[in-house]
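Sequence order for the protein chains is A and B. Residues in the first sequence are numbered from 0 upward in steps of one, following numbering that gives the first Met the number 0. Residues in the second sequence are numbered from 0 upward in steps of one, following numbering that gives the first Met the number 0.
Keep in mind the hints are simulated off the structure, nothing from the lab. Do not rely on the hints blindly, as some may be mistaken.
Stated by the list, open to error - Restricting the straight-line Cα-Cα distance to at most 30 Å, the calculated cross-link-like pairs of lysine-lysine (BS3-like) are: (1) A/Lys-161 to A/Lys-374; (2) B/Lys-169 to A/Lys-423; (3) B/Lys-69 to A/Lys-161.
Said to hold, decoys possible - Here are a few chain B residues that face chain A, going by a calculated C-beta distance under 10 Å: (4) Pro-15; (5) Phe-35; (6) Asn-36; (7) Val-52; (8) Phe-67; (9) Arg-89; (10) Leu-94; (11) Phe-97; (12) Val-124; (13) Phe-146; (14) Gln-151; (15) Gln-158; (16) Ile-159; (17) Tyr-160; (18) Trp-162; (19) Pro-164.
The beta carbon of each residue, even a glycine, is placed where N, CA and C say it ideally should be.
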Amino acid sequence: MDTILAGVELLLRWDVLVALFIGSIGGVIIGAIPGVGPAVAIAILLPATYSLEPLVGLVMLLGIYGSSIYGGSLPAILMNTPGTAVNALTTYDGYPMTQRGEAKRAVSLAYSASFIGGILSVSALILLSPVLAVVAPMFGSREIFLAALLGMVLVVLSHRGKVVIAAFMLFFGIFLNSVGLEIVRYSRRYTYDQAWLNSGFDLIIVVLGLFAVSQALLLLTEKSETPKTPKLEGGIFEGIKEIFKHPRLAGVSSFFGIIMGIVPGVGEFTAQFLSYNYAQKTSKAPEKFGKGSPEGLVASEAANNAVPAAAMIPLLALGIPGEALTAMMLSVFYVHNVIPGPKLFQDNLDFVYALYIALILLNIIVFVFLLGFTKRIVRVIQIPTRFLGMSILTLSFVGIYSVRNSITDCAIAAVFGFLGLIFKRLDIPVVPIVLGMVLGGIMENKFRNALARVDTPLDFVNRPVAAVIASIIVLIVVAHFWSLWRDRQRGRSKS
Amino acid sequence: MDKDTGQLAGIRIAYPAFLLFAVFLAATFTDQVKWFNNLVLFKQPGLWALISVSGMVVTALIACIQVFIKPKTADVTWRSDVQELGFWVRACEYLVWFMVYVFAVPYLGYLPCTILFTTLLTLRVGHRSMRWCVRAILLAVVTVVIFRAFLQVKIPGGQIYEWLPSPLSKFLLMYL
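Isolated chain A (complex conformation):
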């Protein structure tokens, strides 16, 4: 209890609260604009927080991270266009409700479901903290190496139908991380005698290129559109009342979100589909799913909003990100001299609790803000896409240049922006590159540390936690190939 109070004390400062407020509201607005998204916003704003105190900077970016999915539901419901990629399933039932003239009901129901998902997820985080404080120290170099490997395997296999190219992108990410001067023997790797390559590729520059510059290029090059939104009709409080009719569904969907958030590499998409399927199977009116079912909306929004807080569990406890956004949050932590991992729980538990409480406050701020200001946010959505592209490009410059005050970095980001544009056009997954860069670095470091304590490869798995993680990796790979083989057999028997 004392630790929780210490966390509250850390948070109750005007600058921290202002940062949380700006981050939360900013996140909602950014999430509501299709084509921007939290990754772009965090990457642009990260360098701007260098001069701020660690907790202030972290809380601001945490606000954006945690609140963008709320905002993303708005264009998904009103325009059939998800604000962030993870709001895609919300369009299935949200937009048909808008077409029926129930836009306000749908919007408030989505907010309420998201609120429940968010709060339950943070509660899980708080309840699990004492357990994490005990379990996290059991993770030594070998265990963290294997957990990072598990994250890599999951992120590749989760791109079903694109596993090979996702693996290529992951290896590309590991390669990017290995470029430059290595710190053990001080030898150069793939620098081609270019001094600017000695320090390697900065993750933030690569992310800004792949996410922000590429998005700007795409918006500038494609046909210009000015999104049109319908009138908000219906009662805003209808949805809030309605959520109490589906307490079990909201709870179970949040549970799916929490579990999928904890597992690295899986994330919102799987959580949504699992909860949506569950909702449809247990519904009394399954035929209404996809045609404006309130239950479908509750299932997808509660599940996707439960993920961000849950994804902080492996990030904070082990320092292992599960997807691109948490990978970026990891750099946010590093930049502000907060090193996630077992030691954080042992030495700075009050700081961890301050972050948890910030997440709770964030959900309350966003929920209240959305109920009062939805109509105004709708106006922001209507920015023409090419003007938006120009704005992103302008803001990208600040983000890129301020990392190391280098024009070379701007050129590197431009190249990655061009690559990112091609990847987006061809629907090639970009997230594995980011995870390859982050997890590749963690794995190299932990592998080197572990080598001091192992004689044979089998020593890597001679501790219980390591053995469990290694078994999970083997099981997942076997299950993947088994499902491929089964699909092939089914295809043959059909033909």
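Assemble chain B onto chain A, guided by the hints.
Same frame as chain A, now just chain B:
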């Protein structure tokens, strides 16, 4: 050209390019990564470069084989390849805009450059009314004030500011 055709056309160009890039990295491995004779494989500093480059070669090869062996999902011709390539090249124009902006900032100053960049680019993308120009200028001013003046993000002051009278020059160098 529909989306599927464009995608497949692009993939037919991109995957072989990935393979070529990976093979190039593999071919230059011995030049670019120092191998220590007295160290075992697992302790080599080049181990992760080796793992990543080998992985890239193998996966790019499999991806290429899959693309060229699998039955075509869309009607792709050399014309669609060129069209997709044309889209990529068109996007390069905006990269040039961006890099000109980047190079101009240390000379012309952050605020003037940003105003020029946003206004000219807004005109270029087709928003030619006064209303949009004003919005572009506002965006530039707000961006500069928030990031440079308020958050003190390190962006160089323009050389052009030094020609102005001292108090104004100092103010501009510090905040805009």
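Tell me the numbers of any earlier hints that the structure contravenes, in ascending order. 1, 2, 4, 6, 8, 15, 16, 17, 18 and 19
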